[in-house]
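Novice: Sequence:
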Amino acid sequence: MPIFTIHIGDFSLSPTYYGLMYVISFILCYLSVWKRKIFSLDSIDTLLIYIFFGIILGGRLGYVFFYDFLYYFKNPLDIIKFWEGGMSFHGGALGVILAVILFAKKEKKSFYFVIDHIASVVPIGLFFGRIGNYINKELLGKAYNGFLAVEKDGQYFFPSPLLEAFLEGFVLYFILSFALKKKSFEGQIGSLFLIFYGIFRTFIEMFFRVPDMQIGYIFGFLTMGMILSFPMIIFGIGLYVYLRKKK
304 MPIFTIHIGD FSLSPTYYGL MYVISFILCY LSVWKRKIFS LDSIDTLLIY IFFGIILGGR
364 LGYVFFYDFL YYFKNPLDII KFWEGGMSFH GGALGVILAV ILFAKKEKKS FYFVIDHIAS
424 VVPIGLFFGR IGNYINKELL GKAYNGFLAV EKDGQYFFPS PLLEAFLEGF VLYFILSFAL
484 KKKSFEGQIG SLFLIFYGIF RTFIEMFFRV PDMQIGYIFG FLTMGMILSF PMIIFGIGLY
544 VYLRKKK
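Mapped onto the numbering used here, the consecutive letters of the sequence shown carry residue numbers 304 to 550.
Possibly wrong hints are sitting among the right ones.
[Claimed, not checked] Below, simulated DSS-like cross-link-like pairs (lysine-lysine); rule was C-alpha separation at most 27 Å, straight line:
1. 377 / 338
2. 455 / 445
3. 409 / 550
4. 549 / 440
5. 384 / 340
6. 455 / 338
7. 440 / 455
8. 411 / 485
9. 486 / 411
10. 549 / 408
11. 340 / 408
Derived by calculation from the structure, the hints in this document are not laboratory data.
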């Protein structure tokens, strides 16, 4: 949904609320990491550039392969139109992990040290990303005509992006911020992020969301989001136990 449109000759520019949410997210995440004084300004700039491309490329390719492969196989040029929506959190997460690996190697820092600080601010981006989904009337829930219901094409739906913004953004941010203050081993925050995000996402997908139209339910009751979140929970628990014992 464009905020406004600027016409310059035959060229037009239409910034969207979805894009605005990304800009706000990156600014706030940048400031949050900068305030901790754990990296130099040059290092923060490098890190966020890596993460920016990790999110965009990973998120877009994740959506293409996980959610709508047949469409993009037939329309490959549409893959680059990420500003129109269609991003996968799980793909973006893989992109961020790769970005942090490259950054940690370049800066000669511990991967787990870096990922802990990045994981602790990711909920900021999740919060604003889900607000963008809500404004665009995307990823809506089941049929619902109560408080904060979203009207689309004459029907009313549960505002699941708002619930995701609250749980995956607001609640998760405070859980990880508290854990960061009490942190006892490297990788603890990253592990907790995987666990709690996976739990929150599965809960919402199970009770409030409807599956993506082009995929539907898998095995009659699973959504793609649930299938991708289960491994996050299991891996997060395993990593937490392993790193805690290793300490």
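Novice: All hints, please: hold or fail.
Specialist: Evaluation of the provided hints:
1. 377 / 338: With a Cα-Cα distance of about 46 Å, the restraint between residue 377 and residue 338 is violated, given a limit of 27 Å.
2. 455 / 445: holds (12 Å)
3. 409 / 550: It holds: about 25 Å lies between the C-alpha atoms, which stays within 27 Å.
4. 549 / 440: Cα-Cα ~45 Å, so violated.
5. 384 / 340: Distance of about 36 Å is beyond 27 Å: violated.
6. 455 / 338: Distance of about 41 Å is beyond 27 Å: violated.
7. 440 / 455: With Cα atoms ~7 Å apart, residue 440 and residue 455 stay inside 27 Å; holds.
8. 411 / 485: With Cα atoms ~25 Å apart, residue 411 and residue 485 stay inside 27 Å; holds.
9. 486 / 411: holds (22 Å)
10. 549 / 408: At roughly 21 Å apart (the allowed maximum being 27 Å), residue 408 and residue 549 satisfy the hint.
11. 340 / 408: holds (20 Å)
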